[in-house]
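Asker: The residues making up each chain are set out below.
There are 2 protein chains.
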Amino acid sequence: MKLLHTADWHIGRTLNGYSLLDEQKQAFEQLLQIAKDEQVDGIVIAGDIYDRAIPSTNAVTTLDKMLQEINLDDKLPIYAISGNHDGAKRLNFGRQWMKQTDFHLNTLLQEAFTPIETEDLQIFMLPFFDPMDARVYYQQQGMDEDDVKNIHTISQAMELVLNDIYQLFDPNKKHLLISHFAVSPSADEEIELTSETTSKVGGLQTLTADQFSQFDYVMLGHIHTRFASPNEHVRYSGSPVKFNVKEARLKNQGKGVDIVDFSGDEITTEFKEITPKTDLIVLEEDWATLTDPNFYQTQPTHSDWFAITVKDFDRSKHINVRAKLQEIYGTVVELDYENLVQVANAPANAANLSELSPDNIVDQFFKSITGKDLSHDQKELVDNIFVDLGKED
Amino acid sequence: MKLLHTADWHIGRTLNGYSLLDEQKQAFEQLLQIAKDEQVDGIVIAGDIYDRAIPSTNAVTTLDKMLQEINLDDKLPIYAISGNHDGAKRLNFGRQWMKQTDFHLNTLLQEAFTPIETEDLQIFMLPFFDPMDARVYYQQQGMDEDDVKNIHTISQAMELVLNDIYQLFDPNKKHLLISHFAVSPSADEEIELTSETTSKVGGLQTLTADQFSQFDYVMLGHIHTRFASPNEHVRYSGSPVKFNVKEARLKNQGKGVDIVDFSGDEITTEFKEITPKTDLIVLEEDWATLTDPNFYQTQPTHSDWFAITVKDFDRSKHINVRAKLQEIYGTVVELDYENLVQVANAPANAANLSELSPDNIVDQFFKSITGKDLSHDQKELVDNIFVDLGKED
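Line by line, the protein sequences are chains G and X. Take any residue in the first sequence, count from 1 to its spot, add 36: that is its number in my numbering. Take any residue in the second sequence, count from 1 to its spot, add 36: that is its number in my numbering.
Rather than coming from a laboratory, the hints here were simulated on the basis of the structure. Please note that the accuracy of each hint is not assured.
Which copy? The list can't say, so a pair holds if one copy fits it or any two copies do.
[Unchecked claim] Calculated lysine-lysine pairs in the DSBU-like style (CA-CA distance at most 30 Å, straight line):
#, residue 1, residue 2
1, Lys101, Lys210
2, Lys111, Lys135
3, Lys415, Lys72
4, Lys61, Lys135
5, Lys135, Lys282
6, Lys403, Lys111
7, Lys210, Lys347
8, Lys353, Lys403
9, Lys210, Lys353
10, Lys403, Lys38
11, Lys61, Lys403
12, Lys101, Lys111
13, Lys135, Lys72
14, Lys135, Lys101
15, Lys185, Lys61
16, Lys125, Lys313
17, Lys135, Lys125
18, Lys111, Lys125
19, Lys72, Lys111
20, Lys408, Lys360
Start from the sequences and build out the full structure, keeping to the hints where you can.
Answerer: This is the structure in structure tokens:
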């Protein structure tokens, strides 16, 4: 059996207000082509299918079409779970009909205890859940009240869940888990994550790869880069597209999917890259370089998206920075400054902010951005606003 | 062929804040039992399946379960269209999977031109649309620009749509239309509607039954009572539950579904009643009667819902009216007054309201409700609010 592992589609997501839908559609078409070329037996989507619990109509229509292409047009089975971004109950609609064509979707903890059985594989699909969901589930299972109350962390909850799953193992088959969590290589080894919900995990709250060691393979979602995979057999596929500038900054970290082959004695994983339609280019240069034709003519202007950090910038010398950069580069999805040339009297750092009055902070901010003092009228306006805000209390 | 005709489920609707979900579930179970007892060949849902374009999670879960019971458990075909309350594109999700078990759902105008063919019946499913949808459709069909612009009313749009449908008629079969609109018996005969979106229809904007005369039968949704049916073969099933007090006031207008039999030479319609779980009782009595045990002990208190109008009520004599009535009757979903005893200086009718200043209106209203004048402080507060509101302009 050969499966394509993907996750974190986040259909409907935007990047600083720019829709990623076209990007996501294009990545999907490549993903489907890979599935067909590799003649896989199914596609695993390990959670965060949508970006939000109540996705936009456009997102709903887009996902519906993608799933149809996989499952109805190309007759490929789907093994999908809900992630923390999905509205589990809402996503659930219609799944009993979808099951008929081997489109399997799990959105509830209790569903993890009924594996899908293939000839040589047991597929356990464990959707995202939190300790409270585990409490409710184990209470319903008749667990002792005190034991239920002792479920505090996701690590404790997972321990119970996995032990119950291990009881269901058929020793004659390989065991695959599909899930959606942040998992560290080990308890004392922290990993940096690019999922936007957590920037670091570690300590007692963290799940660790050894908790999953009885599985032959674990396909994870939640962290958006495959380089966060705890080990060879507990893996993140990463998202099919880049969602933010932080991800774009990581060089040589192309997006894609994993092709996992369970047929031999050894389970093998092969990464297949997805080429972005619109790449996200990160530039960190000074103003002179950014506006120099010799520099920008070497850039893929007006086709890709740019995240630009202007270095050593003196605001007093330029206005309409964004407009000028957009004229040169096309779509500038993020604009930032590094080592901004400060004007006199601007606060040297944020440490003394707490000692300033609110109107003083506005005053300083205005000065640091424009290089000018607030006018008399502007000062009065700011004063009045803070007086009014004070009244609200 | 025998079909059950229902419409306007409005799953997720509330009545003055009270959820109707339990009521709707219970009515559904009766509906399904009728379908089984009558051995129908399918269930028609003529639009407004949900109450809102973005239904609550509870509504989504409830509808999903109902549709599963019909189509997957009891293997009954479903013929459903979207109404004006449904979010057509959102409702669309998963329908290609549902089609596999004869769950047919149309949400777009263009889908009306592909009938479902049974041995002796052509079923045309025309979802709710507006003149703008018709313009877009006919533009795509290559209609002359000027002709497209001439589509102003739903009546004009429907004329075009129906003419196109008539071209598709198989003369060897009967022709059924399922749709969701307000349809009058004839152009000069206005009907009173209980759909909340329109209280009366008539004139040029109105669809009339003769426009549909080429169909052997028309199953409609939109108007919530079957008594609004234009004629014997162009019929509203009405909603399965009472949605408001106006409907409850109509005596002998029990809710239910139609069983329509197409097998003989004559198409026959039989109404099957659905008994409400919680009835909505309308009381219009004076305070002495309402609080008299001899009266209220004859009422189904604490089991049904009450909409109470207190007649000839003198507010100065009683306080906590709602609390007292709830203590006696249980759930009071609506409380109103008729012929309220006015206190001195209260405006005799609403006609002179337009001549009063805003603060005067508040003053009068306060007096009519409490029997007291506004205090000096209260008057000042009201004054200040209106001064502030004036500033906003």
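Asker: Evaluate each hint against the coordinates.
Answerer: Hints and how they fare:
no.	hint	result
1	Lys101 with Lys210	neither (32 Å within a copy, 34 Å between copies)
2	Lys111 with Lys135	both (12 Å within a copy, 16 Å between copies)
3	Lys415 with Lys72	neither (65 Å within a copy, 76 Å between copies)
4	Lys61 with Lys135	both (24 Å within a copy, 25 Å between copies)
5	Lys135 with Lys282	neither (38 Å within a copy, 43 Å between copies)
6	Lys403 with Lys111	neither (62 Å within a copy, 72 Å between copies)
7	Lys210 with Lys347	neither (54 Å within a copy, 76 Å between copies)
8	Lys353 with Lys403	within (14 Å within a copy, 66 Å between copies)
9	Lys210 with Lys353	neither (66 Å within a copy, 79 Å between copies)
10	Lys403 with Lys38	neither (61 Å within a copy, 78 Å between copies)
11	Lys61 with Lys403	neither (44 Å within a copy, 63 Å between copies)
12	Lys101 with Lys111	both (14 Å within a copy, 26 Å between copies)
13	Lys135 with Lys72	both (21 Å within a copy, 25 Å between copies)
14	Lys135 with Lys101	both (17 Å within a copy, 15 Å between copies)
15	Lys185 with Lys61	neither (44 Å within a copy, 34 Å between copies)
16	Lys125 with Lys313	between (33 Å within a copy, 27 Å between copies)
17	Lys135 with Lys125	both (16 Å within a copy, 22 Å between copies)
18	Lys111 with Lys125	both (25 Å within a copy, 24 Å between copies)
19	Lys72 with Lys111	within (11 Å within a copy, 34 Å between copies)
20	Lys408 with Lys360	within (22 Å within a copy, 67 Å between copies)
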